[in-house]
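Asker: Below are the chains, spelled out letter by letter.
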Amino acid sequence: MKPAAFDYHRPTDVAAALALLDLHGADGKVLAGGQSLVAAMNFRLARPGVLIDVNRLAELDYLRVEGGHLRIGALTRHAAFHRPVVEGPLGRLLSRVVDHVAHYPIRQRGTFAGSLAHADPASEWCLAATVLDAEIVVRNLRGERLIPAAAFFKGTFTTALEPDELIIEIRLPLLDAGWQGGFSEFSRRAGDFALAMALAALKVEGGIIRAAKLGIGGVADRAIRLSGIEAALVGREATESSFRAAGAEASHALEPGADIHASSGYRRDLIAAMVTRALAEAAA
Amino acid sequence: MSWTGRALPRLEDPTLLRGRGRYVADLAPGAAHVRFVRSPVARGRILGIEAPEGVRVYTAADLADVGQIRPVLERPDYVAVSQPVLAVDRVCFAGQAVAFVVADDAAAAEDLAERVFLDIEPEDPVVDLDAALRPGAIQTHPEAPGNVLVEGRMRTPGLDAAFAEAAAVIALDLRSRRQSAMPMETRGGVARYDTRDGRTTLHASVQMPHMLRTGLADLLGCPEAELRVIAPDVGGGFGQKMSLFPEYAALVWLARHVKRDVAWIEDRRENFLASAHSRDQAFTVRGAFDATGHLLGLEANLRSNVGAFSCYPVTCGVEPLMAFAELPGPYKVPEYGARSRGVTTNTCTMAPYRGVARPMLTLTMERLMESAARRLGLDPVEIRRRNLIDRFPHRSPTGLVHDEGSYIAAMEAAVAAVDVPAFRLRQAEARAKGRHLGLGLSVFSERTGYGTPAYAARGMAIVPGYEQVECSLDPSGHVELRIGASPHGQGLGTALAQLVADELGVEPGQVQVVSGDTDRTPYGWGTFASRSMVIAGGASRLASAKVAAKLRGVAARMMGATEAEIALEDGFARVRGTNRATPIREVARAAHHRSHLFADLEGGLRQSAFYDPFGTFSNACHVAQVEVDVETGGVRVERFLVVEDAGRLINPMIVDGQIHGGVAQGIANALYEEVVYDPDGNLLTASLADYLPPTIHEIPPIEILHMETISDATLTGAKGVGEGGTIGAPAAVVNAIVDALSPFGIEINEIPATPERIRAAIRSARDSRT
Numbered sequence: 000m001k002p003a004a005f006d007y008h009r010p011t012d013v014a015a016a017l018a019l020l021d022l023h024g025a026d027g028k029v030l031a032g033g034q035s036l037v038a039a040m041n042f043r044l045a046r047p048g049v050l051i052d053v054n055r056l057a058e059l060d061y062l063r064v065e066g067g068h069l070r071i072g073a074l075t076r077h078a079a080f081h082r083p084v085v086e087g088p089l090g091r092l093l094s095r096v097v098d099h100v101a102h103y104p105i106r107q108r109g110t111f112a113g114s115l116a117h118a119d120p121a122s123e124w125c126l127a128a129t130v131l132d133a134e135i136v137v138r139n140l141r142g143e144r145l146i147p148a149a150a151f152f153k154g155t156f157t158t159a160l161e162p163d164e165l166i167i168e169i170r171l172p173l174l175d176a177g178w179q180g181g182f183s184e185f186s187r188r189a190g191d192f193a194l195a196m197a198l199a200a201l202k203v204e205g206g207i208i209r210a211a212k213l214g215i216g217g218v219a220d221r222a223i224r225l226s227g228i229e230a231a232l233v234g235r236e237a238t239e240s241s242f243r244a245a246g247a248e249a250s251h252a253l254e255p256g257a258d259i260h261a262s263s264g265y266r267r268d269l270i271a272a273m274v275t276r277a278l279a280e281a282a283a
Numbered sequence: 000m001s002w003t004g005r006a007l008p009r010l011e012d013p014t015l016l017r018g019r020g021r022y023v024a025d026l027a028p029g030a031a032h033v034r035f036v037r038s039p040v041a042r043g044r045i046l047g048i049e050a051p052e053g054v055r056v057y058t059a060a061d062l063a064d065v066g067q068i069r070p071v072l073e074r075p076d077y078v079a080v081s082q083p084v085l086a087v088d089r090v091c092f093a094g095q096a097v098a099f100v101v102a103d104d105a106a107a108a109e110d111l112a113e114r115v116f117l118d119i120e121p122e123d124p125v126v127d128l129d130a131a132l133r134p135g136a137i138q139t140h141p142e143a144p145g146n147v148l149v150e151g152r153m154r155t156p157g158l159d160a161a162f163a164e165a166a167a168v169i170a171l172d173l174r175s176r177r178q179s180a181m182p183m184e185t186r187g188g189v190a191r192y193d194t195r196d197g198r199t200t201l202h203a204s205v206q207m208p209h210m211l212r213t214g215l216a217d218l219l220g221c222p223e224a225e226l227r228v229i230a231p232d233v234g235g236g237f238g239q240k241m242s243l244f245p246e247y248a249a250l251v252w253l254a255r256h257v258k259r260d261v262a263w264i265e266d267r268r269e270n271f272l273a274s275a276h277s278r279d280q281a282f283t284v285r286g287a288f289d290a291t292g293h294l295l296g297l298e299a300n301l302r303s304n305v306g307a308f309s310c311y312p313v314t315c316g317v318e319p320l321m322a323f324a325e326l327p328g329p330y331k332v333p334e335y336g337a338r339s340r341g342v343t344t345n346t347c348t349m350a351p352y353r354g355v356a357r358p359m360l361t362l363t364m365e366r367l368m369e370s371a372a373r374r375l376g377l378d379p380v381e382i383r384r385r386n387l388i389d390r391f392p393h394r395s396p397t398g399l400v401h402d403e404g405s406y407i408a409a410m411e412a413a414v415a416a417v418d419v420p421a422f423r424l425r426q427a428e429a430r431a432k433g434r435h436l437g438l439g440l441s442v443f444s445e446r447t448g449y450g451t452p453a454y455a456a457r458g459m460a461i462v463p464g465y466e467q468v469e470c471s472l473d474p475s476g477h478v479e480l481r482i483g484a485s486p487h488g489q490g491l492g493t494a495l496a497q498l499v500a501d502e503l504g505v506e507p508g509q510v511q512v513v514s515g516d517t518d519r520t521p522y523g524w525g526t527f528a529s530r531s532m533v534i535a536g537g538a539s540r541l542a543s544a545k546v547a548a549k550l551r552g553v554a555a556r557m558m559g560a561t562e563a564e565i566a567l568e569d570g571f572a573r574v575r576g577t578n579r580a581t582p583i584r585e586v587a588r589a590a591h592h593r594s595h596l597f598a599d600l601e602g603g604l605r606q607s608a609f610y611d612p613f614g615t616f617s618n619a620c621h622v623a624q625v626e627v628d629v630e631t632g633g634v635r636v637e638r639f640l641v642v643e644d645a646g647r648l649i650n651p652m653i654v655d656g657q658i659h660g661g662v663a664q665g666i667a668n669a670l671y672e673e674v675v676y677d678p679d680g681n682l683l684t685a686s687l688a689d690y691l692p693p694t695i696h697e698i699p700p701i702e703i704l705h706m707e708t709i710s711d712a713t714l715t716g717a718k719g720v721g722e723g724g725t726i727g728a729p730a731a732v733v734n735a736i737v738d739a740l741s742p743f744g745i746e747i748n749e750i751p752a753t754p755e756r757i758r759a760a761i762r763s764a765r766d767s768r769t
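So the protein lines, in turn, are chains A and B. According to numbering that gives the first Met the number 0, the first sequence is numbered sequentially starting from 0. According to numbering that gives the first Met the number 0, the second sequence is numbered sequentially starting from 0.
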């Protein structure tokens with residue numbers, strides 16, 4: 000459990016980092032918090048020839064609200080979200096979610112952008128990005144592009160990111176005061192990967208759901224946006240029975256994956272429970 | 000005031016808690032690193048081992064002069080198997096060491112090992128316990144037809160009659176999945192060859208340094224004097240570090256062969272693959288009860304998966320034979336019939352793990368009591384009251400003798416402390432809101448501090464059990480206590496220092512306990528089987544009492560009194576009833592430097608003692624309170640209470656620590672930890688991402704109440720307490736889950752009771768109703 004040999008660079012500005020990525024291409028790997036990458040390297044499941052450490056890119060260490068978005072600089076650590084980073088439902092929801100991202104020490108090191116780039120199917124931030132319509136700003140030497148979350152995640156540990164591209168920031172649309180978020184996760188122990196989780200946001204007026212965002216994670220090769228169930232929820236009463244119906248529907252929406260911790264059938268049970276609970280929380 | 004009985008902060012802690020401990024890996028710098036190349040398959044024929052160009056790869060052929068590990072039980076139902084240090088011709092489990100390479104550092108050694116190609120022709124393995132027992136099953140070893148390596152059988156004459164007259168017969172089929180003891184520090188060794196005297200010193204993270212030296216000398220065919228084994232600070236063992244492992248033999252052979260320092264520091268993946276596993280057990284039992292809930296007879300078919308080989312020195316008999324001998328536990332079992340088999344498979348070898356067979360046999364007996372109570376309409380506490388042993392000494396149907404304990408009283412105290420009626424009220428209120436709370440209890444006995452007779456009865460060719468201690472007083476009045484036992488982090492040094500301080504009238508801080516070094520300590524057995532406090536403690540008391548006698552003799556001469564008039568206390572030798580006193584350091588100095596004045600006094604200031612007790616039983620009652628989420632199957636342990644009777648408490652804080660850690664491992668056994676192999680014998684839980692020890696989030700605060708039954712079975716009045724937490728917790732947690740889910744009428748027959756298993760039980764209960 001010692002990593003294979005690798006070269007190491009620690010640039011101090013984005014331009015230098017991009018030049019290194021350009022030079023090394025697929026052999027280069029960005030090191031941010033390293034909480035997944037370094038473990039994978041120790042198991043020799045990952046063998047990058049070159050590590051490009053972005054921890055000195057101070058220009059990417061920011062969180063700000065601009066143009067109706069929360070802009071999350073690529074060096075923002077998970078721990079930054081322990082307290083709401085923005086007023087309103089979005090900040091509250093993110094701080095609710097972050098408690099489930101691994102353990103406290105890991106949250107001090109790991110980054111929001113790193114989670115997205117790693118694209119673990121059980122990543123809370125990947126689910127949040129998918130459900131909350133995130134846009135990912137990526138850059139290489141030739142320029143910058145904006146990738147919507149729906150197009151960013153391609154599968155387990157696979158994204159639309161090109162080998163020479165670096166995530167610069169993530170943009171999350173703000174949620175106005177009419178929205179309320181809800182999140183529910185089931186894992187074997189505190190901090191473990193989710194066996195199933197659901198994230199929801201609802202706009203409820205007069206007891207009727209006027210708008211809905213809903214997705215599940217930890218059950219397939221990437222987070223799943225449940226658009227059909229979102230549409231079906233609109234116009235329904237914000238009641239336990241609506242949420243249970245949505246949970247039941249979600250549990251049949253796909254064939255969940257199986258591993259030693261949860262069979263596909265058991266994951267269906269969890270999906271129903273998690274979706275129901277996340278929606279109930281979003282309407283509470 | 001005596002030091003014994005005080006919750007003295009541990010003398011070890013200033014070193015350990017400030018990171019100043021010295022573990023094996025701290026000794027590795029400067030040594031060459033060994034990396035083992037391990038079998039990627041569970042079973043197969045070795046066709047070839049291809050070394051990368053220019054790389055020296057050591058294989059079984061290099062070790063042709065080294066013997067094979069062959070543990071022996073002297074019983075007709077035992078089949079001895081031999082384990083080569085490096086695999087010869089065939090591999091028997093995934094992870095078995097086949098070859099090794101050496102490099103300047105661990106990463107480079109791993110680089111080299113990756114390039115070694117093992118050409119192994121895979122064969123179908125036998126992995127599952129019950130599959131291995133089926134007729135026609137693949138044989139793990141040709142010398143063990145039917146895959147049974149050891150079998151215990153007995154049947155009392157009245158068993159059939161007991162079942163014939165029973166008002167209720169309860170049948171249970173229970174399964175414990177495999178676990179790893181998973182010490183925080185993995186195995187590891189640093190072997191140093193000394194060109195000056197030709198001796199090799201092995202520093203290793205082990206629990207039995209003397210036994211390891213014997214085993215290594217036998218394998219290498221050299222006198223023990225050519226070897227020295229040192230256990231430095233050890234970061235937990237829990238039984239996993241008792242055995243003679245092939246890796247240590249390879250390491251010492253290499254150091255002697257290349258005459259340089261060599262190190263092997265096991266990584267976590269290797270630890271999961273190739274150290275030792277435990278608890279892969281299936282117990283099928285039937286209990287015959289009369290109409291008033293008295294157990295009339297017990298019949299059991301017990302199977303333990305002991306893996307590919309037999310562990311040295313305790314052998315693969317450790318789980319099956321303990322299950323066989325101790326199943327009745329704290330209950331009166333008038334008639335008993337049992338068959339217990341140790342079954343070999345192509346999986347990692349079983350070795351003792353804290354509790355050994357008792358977590359499972361306690362689960363079995365406690366489920367039996369609960370099920371019988373339900374069938375007969377009895378209160379679960381009442382049925383235990385009627386069946387628990389209450390006259391001492393009690394002789395079990397297998398011949399075990401229980402010394403005095405507080406089985407019923409401990410249970411009554413626990414039940415009172417948790418306030419069962421108040422809980423039932425809360426439980427009903429919660430159920431009305433769709434929440435499922437449950438309360439479960441577990442009563443058990445813990446056989447501890449047993450000496451050679453117990454091991455001899457098992458038929459062990461190597462009979463452990465006694466301990467030796469050497470106690471000496473230096474001219475400054477400080478004490479050195481050299482013990483054959485070998486602590487692995489449990490604070491034994493502090494507790495022994497407390498005992499000795501009381502004998503000699505010094506402070507515990509003036510007692511230096513020397514352990515874990517075959518050059519500096521008398522031959523002894525180490526730490527396991529909840530024995531250290533009882534046996535090393537007894538020997539320490541005996542040795543220090545002899546030194547105290549000499550000290551009193553010298554002091555009496557110095558002060559013109561008789562020996563009987565001298566009391567040793569608070570750093571002084573005092574003449575009782577007078578104000579005459581001499582500091583102990585002055586008495587010690589006089590005894591050493593003016594010895595011509597005391598030449599006629601018998602004894603000396605360096606004394607040794609030997610202690611080999613028969614053994615003693617601790618007892619306890621555990622109560623778990625849980626909440627089960629019926630939609631997910633998730634279980635949260637809300638409260639855990641222990642009423643423990645470990646006899647006299649030498650250091651109550653250390654005893655509590657033993658209970659805390661043990662209960663955490665018991666909760667792990669009940670809910671979380673499981674070693675999983677696929678049908679081909681590949682280990683699926685080879686990292687801490689998949690093998691799930693609970694964290695502080697999963698373990699509730701543990702409340703502890705003590706009772707102190709002082710038995711004359713031990714010299715100090717102390718009983719062992721190393722394993723009780725682990726033994727009792729699974730049954731308490733499982734009973735609590737079953738209680739929580741009583742509206743569904745389900746049984747939990749398998750541990751760990753994972754969320755998926757609980758959810759499946761709830762589903763099948765619902766399906767069978769509709």
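Don't read these hints as lab results, they were simulated from the structure. There may be inaccurate statements among the hints.
[What the hints assert, rightly or not] Examples of chain B residues lying across from chain A (beta carbon under 10 Å, computed):
{"#": "1", "residue": "D289"}
{"#": "2", "residue": "L691"}
{"#": "3", "residue": "P754"}
Nothing here was measured: the structure is a model prediction, and the numbers come from that model. Idealized CB from N, CA, C, for every residue including glycine.
Asker: Can you name, in rising order, the numbers of the hints this structure does not satisfy?
Answerer: The structure conflicts with hint 1 only, although it agrees with all the remaining ones.
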